[in-house]
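K.L.:
Here are the chains, one letter per residue:
Protein chains: 4
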Amino acid sequence: MNQHYGKTFEVQLAGESHGLGVGCIIQGCPAGLPLTEGDIQNELDKRKPGQTLTTPRKEEDKVQIKSGVFEGKTTGAPILLWIDNHDVQSQSYGKLNEVPRPGHADVTAAEKYGGFNDYRGSGAFSARLTAALVAAGAIAKKLLKRQGIEILGHVQQLHDVKVTDATDEAIRKNAYSNPVRCADPKAAKAMQRRLDEALLDGDSLGAVIECRVLNVPSGVGEPRAQSVESVIGSNCLALPAVKGVEFGEGFAAATMKGSQHNDAYLEQDGGIVTKTNHAGGTLGGITTGMPIVFRVAFKPTSSIAKTQTTLNVATKKQEKLNVGGRHDPCVALRAVPIVQAMAALSIVDLMLQAQKIPRVLK
Amino acid sequence: MNQHYGKTFEVQLAGESHGLGVGCIIQGCPAGLPLTEGDIQNELDKRKPGQTLTTPRKEEDKVQIKSGVFEGKTTGAPILLWIDNHDVQSQSYGKLNEVPRPGHADVTAAEKYGGFNDYRGSGAFSARLTAALVAAGAIAKKLLKRQGIEILGHVQQLHDVKVTDATDEAIRKNAYSNPVRCADPKAAKAMQRRLDEALLDGDSLGAVIECRVLNVPSGVGEPRAQSVESVIGSNCLALPAVKGVEFGEGFAAATMKGSQHNDAYLEQDGGIVTKTNHAGGTLGGITTGMPIVFRVAFKPTSSIAKTQTTLNVATKKQEKLNVGGRHDPCVALRAVPIVQAMAALSIVDLMLQAQKIPRVLK
Amino acid sequence: MNQHYGKTFEVQLAGESHGLGVGCIIQGCPAGLPLTEGDIQNELDKRKPGQTLTTPRKEEDKVQIKSGVFEGKTTGAPILLWIDNHDVQSQSYGKLNEVPRPGHADVTAAEKYGGFNDYRGSGAFSARLTAALVAAGAIAKKLLKRQGIEILGHVQQLHDVKVTDATDEAIRKNAYSNPVRCADPKAAKAMQRRLDEALLDGDSLGAVIECRVLNVPSGVGEPRAQSVESVIGSNCLALPAVKGVEFGEGFAAATMKGSQHNDAYLEQDGGIVTKTNHAGGTLGGITTGMPIVFRVAFKPTSSIAKTQTTLNVATKKQEKLNVGGRHDPCVALRAVPIVQAMAALSIVDLMLQAQKIPRVLK
Amino acid sequence: MNQHYGKTFEVQLAGESHGLGVGCIIQGCPAGLPLTEGDIQNELDKRKPGQTLTTPRKEEDKVQIKSGVFEGKTTGAPILLWIDNHDVQSQSYGKLNEVPRPGHADVTAAEKYGGFNDYRGSGAFSARLTAALVAAGAIAKKLLKRQGIEILGHVQQLHDVKVTDATDEAIRKNAYSNPVRCADPKAAKAMQRRLDEALLDGDSLGAVIECRVLNVPSGVGEPRAQSVESVIGSNCLALPAVKGVEFGEGFAAATMKGSQHNDAYLEQDGGIVTKTNHAGGTLGGITTGMPIVFRVAFKPTSSIAKTQTTLNVATKKQEKLNVGGRHDPCVALRAVPIVQAMAALSIVDLMLQAQKIPRVLK
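Chains as they are written, first to last, in my numbering: chain A, 23 to 384; chain B, 23 to 384; chain C, 23 to 384; chain D, 23 to 384.
Take these hints with a grain of salt, some might be off.
The list treats identical chains as interchangeable, and a pair is accepted whether it falls inside one copy or across any two copies.
With a cut-off of at most 20 Å between alpha-carbon atoms, the simulated EDC-like pairs for lysine to aspartate or glutamate come out as follows [stated by the list, open to error]:
| id | residue 1 | residue 2 |
| --- | --- | --- |
| 1 | Lys95 | Glu59 |
| 2 | Lys164 | Glu82 |
| 3 | Lys84 | Asp106 |
| 4 | Lys339 | Glu289 |
| 5 | Lys211 | Asp223 |
| 6 | Lys279 | Asp223 |
| 7 | Lys84 | Asp61 |
| 8 | Lys297 | Asp190 |
| 9 | Lys68 | Glu82 |
| 10 | Lys342 | Glu289 |
Derived by calculation from the structure, the hints in this document are not laboratory data.
Could you put together the complete structure from these sequences and hints?
P.N.:
Take a look at the structure:
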């Protein structure tokens, strides 16, 4: 298992769903950044379970800064963050190592780790570990904010409801004011109806999150292997339930002509901008200065209330499975701050590589 | 610029479009693999320019093995591959550093490297460097073939022509027997018509390449940061013109319900398989043993014959641009073996990490 | 600050001397290793302060396994270890950021981190962090023990007292039965006299630790950049107070002739051994199967009770300095288990690279 | 085999002693550095074989810059350097895979790579590959020179002849003006006598190279795992025949008292210097601004003309061995520019990590 992200702003994750907690060590954070547990808590609260429409699991998710901060500022030394697990009901998951849940990592994890993996609540495979990514991302976001960089995220599509014309302002204003994290209040209501229907049906739904990173300076990204797309893509494809990532027009670019897709150059305030932003803010893997726009596709939650048929790996017989425990009808709803965190971690990492953030902040 | 791929089967690229040539050093290849320049040449010939419908540039693309092979077998030492450039017409590109081509890396490269970048034919940003990736991938493919692993690739979609029901056998048989690399001969003809129209119009088209990796054993992939999706995704998003990557159902999974998307488990020959393969061969970032299926979206070629308007960065005035030089109307056609190479490099890297390929071959 | 060790058995450190504690995350430990906090505690107790002749600071040094172990065995997921700080007297160190201690990192740390570094007890520069290295090393040692590998360490030289003829058996039996960690009881007494004199004089002494790794199979080590020497050397030179590392004859080899230094080959039980072991167990950076023998030079403890003259960086005037706080008269005494830990971490890392330890233990 | 050096200024080596040549790809070199083949050739000529007292092998060692330089300046893209082998006499080495040379990597290489390694002239294990390191180091030296950094090196000790009082000026003036690379002309003569005797006797001698890096700014080095000592140490211990590395007082520090070893702080021109430099230019793994001083111990050349007894691995019988081929009586003599190159590569790497060298040079 590899839970190490980044090259210059490095995040090493650890923890399990039903163990003592989850945490991470961040290496490479510049010295001199004002940082409190409250800064991180704000971000963590955005993904906290127990909100409307998501899993009823109640976690306080209180983050502790265990190292790397002194007199309210980062020191340049590794920062250890830790979040205790509280509301753990291991008994709900007891049988899963024999009767694997379709769509889950139960079988592949058991195979890879010789059955030694902690299978309770998916153990180290659980989306619970993304709490530590959001915590690390909160630090990255704070670094970026100093440079005027803003990261917007929202659920652009849920099942068949899709928003195509959200403005930055609409995302900024609305995404965190409705439980489906949608920039368009009307679409948000339609999404809620789909979720209500799915819940009633014991089923789950997939979704697409769109993320926009505003005001990143041009010249960020190390083509090819550390291009903006490679780094954001790699980080997002590491998240549970993610099945695709696209930039700018993405897969739609395959249906376009060059004369449509090419963004024309204009001069603006002495710099160069593009008239359109089909490219999504990068050319040759390097930022253009235009917003970085990308979308992440999430599959429907694997754990559904509906009875499923699966294989009992001990008896080698098919049997009925009713997955107990607590689950989100759509993992993407809680994933918006997670995708934003991955964007922040990616951009900070690349800005440090490009020396666009100093090692000591003044 | 970062041209370093992989953790255990490492590929370091170098070279330029209009310089002396392109090459790479491969570190971590197991000892004892029979390897000739012919083995690599076979793969290189698949992406060679000068074939129907692609750029008229003529390159012999003769690969030389400069180190790491002794008496016909790999030694365990780094392998240096080199391909000379022959058919270089630098004069066609002379003016591009002043009048950047829309959709190209001209502006971002000049900005990032202070104008010191080799701008001739995009220099180190050129798709020409993918020749070295294909060469490295040829070695990876040979390693995988010993274990029965096969990598299929084809153009699944070109503009509005899409093939949704290609069998493995159809891809194996047809993809390299028509110039558009399509598994379906009928669709291939429609694709050719679209290309003819685009060429006539001085325009270019986007496309989607599908890749299938067959017979990868279960248990490969290091969740999360080195998951199958992260590694393949990162490698493919490093390629020029790529705007998206998806696995299994990909973005379509966002429109599905959990009860549809979950793949049911079955027993087969003592092992576990899934009835369907919506997941595309991975769960929790680890291979299931089912085919790994992914798709890569390519934008339309940025260089088009059509006159475009762009900014002269010296005069700060808009001016007309006619891009000369030699270009593919659809970069994806030549990219099929490149995507296959990235798949091979990714899987070998992960199999070495999982100790599924020994360091010395018998 | 970079506290990340290893490529396949990765250790990421965090913590401070006078903060909440010290810890680490270990990534890459094979699944299935029986592991308790007691296993780690045994090793930690060997470096515990408060023993004779070392600093009177009293730390319980109780390690907690926070993740990565389930039902008594490692799971393959990252292992987070944490040790709380208890006996912290920050007030002793208050003034050091203005009046730097000669021989300490006070000045360089303040310079590098813009004065944001935690200077209390040297903060993240403190030898206290080696507790986390010893904890990680305890896991590595347990992995190696399963393969019959043993790591011996002792203080070979303290100031002018040197032991040149210690047998493996003498080290095994005596090193941890006297407070100076010396394999020779008679020399141990002489070393103690030197320390008593130094303490009386308010001074400190340097020393050399010798380490022997027995029964490592041949073929371990990745020449050149990950040679046995490079990896052990890099890890040991990362430790506080270390000024040199040598292998086999080391610097004495410079005074030898080839005909003396070359180790003759012999056959033994079907394998190849060498008659002598001047090379110290490696040739070409790869293990020969003979004991790996290396020595690490430690400078005398920088913190001495004697009054020193130093620069007040605020007033820019020379002033007298009496370093308070609690210090070892010879850091090397407590460093024996630390050097053994670095040897264990190095060898496990290289054995995993060479596929000599499986990813799942049976 | 791992021939990859550095984290930000990365050097990937390839090649063999008796293959087509040796080379490397350098990734991470800032853009805008004026660079010609002549710049590199100057450094290469310093280690060229065929000089007095070293192996009679004649190599032109003409370096070719194959990529990464455009219009006389580095572009920011990877730089591929290649040096053809010319004077190759493979037949001299034919039998060595059966009758291993004592002190060489013949046995360990064959064991590790299953006998597939190129054994001619030690193949990829040959010191010939250090030509590529010197070539890469030449670029690093040029980068450092712009910042006023100078790297001095000389043979401080050869067998029993040792120079302890060489000034920087003496090294600068004398080291490359006598064939034993010694700073002291008188000692140089004594060293030559030792070498003459050894040659007459068919034997070889060990030596110590001292290296001093002047004018490195304070604040360079990432404690702990990328401390100045760890990085230089790791790079030097990767070289053939090296058995030890020490910094400042090194092993002699073990015999010193704290009150002797601690370097007192003084003010100088508004900055902080130390009265002495026992530490060798680093505290806490970070540069102090004082000269970085380190020494590297080389064992005597393993290949000697004297008849040796060894094991025939095929017949399992002891037999007499006369090593033919061409060899240096003391490898260290040619290693002075190599150690200087490793110092340059290490310091550039750490300065880039510390953002003390920009990514684009003006």
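K.L.:
Now tell me if each hint is right for this structure.
P.N.:
Checked hints:
1. Taking identical chains as interchangeable, the C-alpha atoms of Lys95 and Glu59 lie at most 20 Å apart only when both belong to the same chain, with a minimum of 11 Å there against 33 Å between chains.
2. In the homo-oligomer, the alpha carbons of Lys164 and Glu82 never lie at most 20 Å apart, since the shortest distance is 22 Å inside one protomer and 36 Å across protomers.
3. For the homomeric pair Lys84 and Asp106, the shortest alpha-carbon distances inside one copy (7 Å) and between copies (19 Å) are both at most 20 Å.
4. Proximity of Lys339 and Glu289 under a CA criterion of 20 Å is satisfied inter-copy only: 8 Å between copies versus 68 Å inside one chain copy.
5. In this assembly of identical chains, the alpha carbons of Lys211 and Asp223 lie at most 20 Å apart only when taken from the same copy (18 Å versus 45 Å across copies).
6. Proximity of Lys279 to Asp223 under the C-alpha cut-off of 20 Å is restricted to the inter-copy arrangement: shortest distance 10 Å between copies versus 42 Å within a copy.
7. Taking the shortest Cα distances, Lys84 and Asp61 sit within 20 Å of each other inside one copy (12 Å), while across copies they are farther apart (30 Å).
8. When the C-alpha separation of Lys297 and Asp190 is checked against a cutoff of 20 Å, the pair qualifies only within one copy, where the shortest distance is 17 Å, while the shortest distance between copies is 43 Å.
9. Proximity of Lys68 and Glu82 under a CA criterion of 20 Å is satisfied intra-copy only: 12 Å inside one chain copy versus 38 Å between copies.
10. Only between protomers do Lys342 and Glu289 lie at most 20 Å apart by alpha-carbon distance; the minimum there is 15 Å, versus 64 Å within a single protomer.
The structure fails to meet hint 2 from the earlier list, while all remaining hints are met.
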